[in-house]
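J.: In UniProt numbering, the protein residues as written are 1 to 304.
Just so you know, the hints here were simulated from the structure itself, not pulled from any lab data. Some clues are possibly wrong.
[As the list claims (entries may be wrong)] Dumping the calculated DSS-like pairs for lysine-lysine here, alpha-carbon to alpha-carbon at most 30 Å:
| hint | residue 1 | residue 2 |
| --- | --- | --- |
| 1 | Lys196 | Lys182 |
| 2 | Lys242 | Lys276 |
| 3 | Lys182 | Lys242 |
| 4 | Lys242 | Lys150 |
| 5 | Lys150 | Lys196 |
| 6 | Lys42 | Lys80 |
| 7 | Lys181 | Lys150 |
| 8 | Lys196 | Lys242 |
| 9 | Lys242 | Lys181 |
| 10 | Lys181 | Lys196 |
| 11 | Lys84 | Lys41 |
| 12 | Lys182 | Lys150 |
| 13 | Lys150 | Lys276 |
| 14 | Lys196 | Lys80 |
| 15 | Lys41 | Lys80 |
| 16 | Lys42 | Lys84 |
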Amino acid sequence: MCEEESIPIPLSGRYILTRAKNGTGKSRAYLIPKLERIDLKKDHIQALVMVPIHELALQGSQIYIQISKHLGGILDLIKKGVAKVDKIQMMVMDEAEELLQIPLYSATFPISMQRFMAKHLQKPYEINLMEELTLKGITQYYTYVTERQKVHCLNTLLSRLQINQSIIFCNSTQRVELLAKKITQLGYSCFYVHAKMMQEYRIWVFHDFRNGQCRNLVCTDLFTRGIYIQAVNVVINFDFPKNAGTYLHRIGRSGRFGHLGLSLNLITSDDRFNLKTIEEQLVDSDQTDEMDRWINLQFFHCCL
Numbered sequence: 001m002c003e004e005e006s007i008p009i010p011l012s013g014r015y016i017l018t019r020a021k022n023g024t025g026k027s028r029a030y031l032i033p034k035l036e037r038i039d040l041k042k043d044h045i046q047a048l049v050m051v052p053i054h055e056l057a058l059q060g061s062q063i064y065i066q067i068s069k070h071l072g073g074i075l076d077l078i079k080k081g082v083a084k085v086d087k088i089q090m091m092v093m094d095e096a097e098e099l100l101q102i103p104l105y106s107a108t109f110p111i112s113m114q115r116f117m118a119k120h121l122q123k124p125y126e127i128n129l130m131e132e133l134t135l136k137g138i139t140q141y142y143t144y145v146t147e148r149q150k151v152h153c154l155n156t157l158l159s160r161l162q163i164n165q166s167i168i169f170c171n172s173t174q175r176v177e178l179l180a181k182k183i184t185q186l187g188y189s190c191f192y193v194h195a196k197m198m199q200e201y202r203i204w205v206f207h208d209f210r211n212g213q214c215r216n217l218v219c220t221d222l223f224t225r226g227i228y229i230q231a232v233n234v235v236i237n238f239d240f241p242k243n244a245g246t247y248l249h250r251i252g253r254s255g256r257f258g259h260l261g262l263s264l265n266l267i268t269s270d271d272r273f274n275l276k277t278i279e280e281q282l283v284d285s286d287q288t289d290e291m292d293r294w295i296n297l298q299f300f301h302c303c304l
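Let's have the full structure, built from the sequences with the hints guiding it.
T.: Here it is, written out as structure tokens:
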């Protein structure tokens with residue numbers, strides 16, 4: 001696990017850059033040594049954790065909710081003198097490639113991250129637990145549909161699958177709202193959330209969904225990074241993502257910490273190129289033979 005590999009390094013004071021799969025304990029891996037090094041006798045800020053979205057900060061700690069809307073929040077507090085950071089001994093950048101606007105395209109660190117390391121980190125200790133891009137414990141299926149067949153197929157899946165909770169991804173805020181309305185009309189409990197909503201409403205949705213108040217959540221990629229809700233066992237890509245990094249983060253909302261998960265992908269003719277590209281990046285010889293693809297298509301036969 002990530003904690004076992006990486007905790008001793010920051011305790012020694014060295015720079016560290018860790019890459020590991022979703023749900024392997026990255027948050028605990030940096031929180032434990034951070035807390036271990038804090039001197040309770042000193043009343044100034046000693047550590048800083050930066051995350052890309054408010055919901056991820058809310059999940060990690062109530063302490064930095066007010067400064068987590070975006071990176072400018074902490075800069076504003078520093079300028080006002082509210083947050084005195086001159087004595088900080090540790091800084092953590094969670095979801096670093098997102099904060100640094102570095103896209104994820106492969107199992108290795110992107111070249112932009114390598115340049116950042118070379119420029120800013122002094123002999124960093126690098127841990128890479130990503131032996132492959134695919135996520136263990138998540139069964140992945142796809143089927144070809146037309147745009148008009150999507151809602152019917154989704155209705156069939158929601159009625160036949162054993163769903164604890166599901167997250168359903170769309171590629172735009174408008175489609176999120178339209179699909180959530182349609183799911184509600186079909187008789188299923190449904191929340192929806194996207195980045196254009198008021199922050200207070202997003203917090204409410206996140207809190208109630210995490211507490212099991214609703215079975216299905218329709219969202220954009222706002223919820224793809226770091227958000228952990230244990231009851232989620234099904235992820236449905238109603239709209240297929242455009243790159244492997246987004247795909248991995250989406251399906252990684254299920255199958256967390258050893259739990260089994262299910263990823264279901266609705267593929268239109270416009271998605272075929274992206275599907276082929278993502279398959280080439282993700283799959284290995286043990287998971288991509290023709291039999292796997294045949295089983296995937298047969299699984300969805302009832303939807304069409």
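J.: Out of the numbered hints, which ones does the structure contradict?
T.: none
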